[in-house]
Amino acid sequence: NGTGVPKKNIGQAFGMLLAGTKFHQRKQKRGQQGIGISYSVLFSQITTGKPSRVKTGLGDGKVYECDISIDIKSNKPVISNEREYFGRFKGVRIEAEFSEVTYNRSEYGVYEYIRRTALANPHSQITLIEPDKNIIVFPRVSKEIPKRPEVCLPHPLGITTNDLMEMAQATQARKISSFLTSDFCRFSADKVKELAAMLPQINFERAPRVLTWPEAEKIVRELQKIKWIA
1 NGTGVPKKNI
11 GQAFGMLLAG
21 TKFHQRKQKR
31 GQQGIGISYS
41 VLFSQITTGK
51 PSRVKTGLGD
61 GKVYECDISI
71 DIKSNKPVIS
81 NEREYFGRFK
91 GVRIEAEFSE
101 VTYNRSEYGV
111 YEYIRRTALA
121 NPHSQITLIE
131 PDKNIIVFPR
141 VSKEIPKRPE
151 VCLPHPLGIT
161 TNDLMEMAQA
171 TQARKISSFL
181 TSDFCRFSAD
191 KVKELAAMLP
201 QINFERAPRV
211 LTWPEAEKIV
221 RELQKIKWIA
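Each residue of the sequence shown is one higher than the last, beginning at 1 in the working numbering.
Possibly wrong hints are sitting among the right ones.
Just the calculated beta-carbon pair ranges, DEER-fashion [claimed, not checked]:
id, residue 1, residue 2, range
1, 201, 153, 19 to 29 Å
2, 166, 142, 30 to 40 Å
3, 106, 221, 33 to 43 Å
4, 161, 86, 45 to 55 Å
5, 72, 6, 24 to 34 Å
6, 166, 83, 31 to 41 Å
7, 228, 78, 45 to 55 Å
By construction, these hints were calculated from the structure, which means they are not laboratory data.
Think of the CB as a built atom: it goes at the ideal place given N, C-alpha and C, for glycine as much as any other residue.
All chains, full assembly: derive it from the sequences and hints.
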């Protein structure tokens with residue numbers, strides 16, 4: 001993080017799982033659920049018994065460091081060994097130790113993740129030091145920061161029951177029928193009529209927030225039977 005994380009946000013950023021506000025934002029991005037770095041802290045904690053070390057600076061001459069772990073029962077950060085001092089450091093550095101892991105260059109390994117991250121962020125330079133001390137540098141190839149991705153509506157065939165329930169709770173639509181046409185792509189009024197004919201036991205004129213889990217399951221299942229434009 002080139003800008004640094006404010007001291008007051010350290011606990012939420014690194015010591016809580018699913019603490020972000022990324023849900024219901026249908027953008028192309030990595031880190032959908034806000035558990036990446038927090039889970040790294042937790043995985044380090046449960047495999048070594050040690051906290052992770054965080055160092056952050058905003059470029060204002062003040063540097064903050066602390067140890068951080070997660071209280072598993074309450075999902076709250078545990079911060080200790082805090083230190084503040086003057087310095088020119090800007091950005092974030094986090095150190096975590098892991099045990100019971102295997103490092104390789106498979107499609108699902110760290111190397112491939114870093115490589116793809118570099119491809120998606122050509123304005124960044126990333127250095128990977130592998131366990132055998134081999135240093136790999138993915139150099140910056142552009143000085144331009146990519147434009148922010150635009151929010152896009154989800155496709156009816158790409159949602160789960162949980163997705164539908166979460167979206168139904170967050171929507172501004174007053175009816176299930178209007179919720180489907182406004183919060184999804186390719187969902188026309190005719191498609192709603194087709195779906196309603198397949199599920200006569202569900203009242204699509206009710207408020208989305210009263211949608212039950214069994215009803216959502218039926219909707220998701222029937223969506224698979226409708227012909228959609230990709």
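> Range hint 19 to 29 Å: satisfied by the CB atoms of residue 201 and residue 153?
Replying inline: Check passed, 27 Å falls within 19 to 29 Å.
> When you take the CB atoms of residue 161 and residue 86, is the distance between them in 45 to 55 Å?
Replying inline: 53 Å, holds
> Is 24 to 34 Å right for how far apart the beta carbons of residue 72 and residue 6 are?
Replying inline: 25 Å, holds
> Is the gap between the beta carbons of residue 166 and residue 83 within 31 to 41 Å?
Replying inline: Once the Cβ atoms are compared, 40 Å apart, the range 31 to 41 Å for residue 83 and residue 166 holds.
> Quick one: are residue 228 and residue 78 within 45 to 55 Å, going by C-beta?
Replying inline: 47 Å, holds
> Does the Cβ distance between residue 166 and residue 142 fall inside 30 to 40 Å?
Replying inline: Check passed, 35 Å falls within 30 to 40 Å.
> Given a hinted range of 33 to 43 Å, is it respected by the beta-carbon distance of residue 106 and residue 221?
Replying inline: 35 Å, holds
Checked against the numbered hints above, the structure violates none of them.
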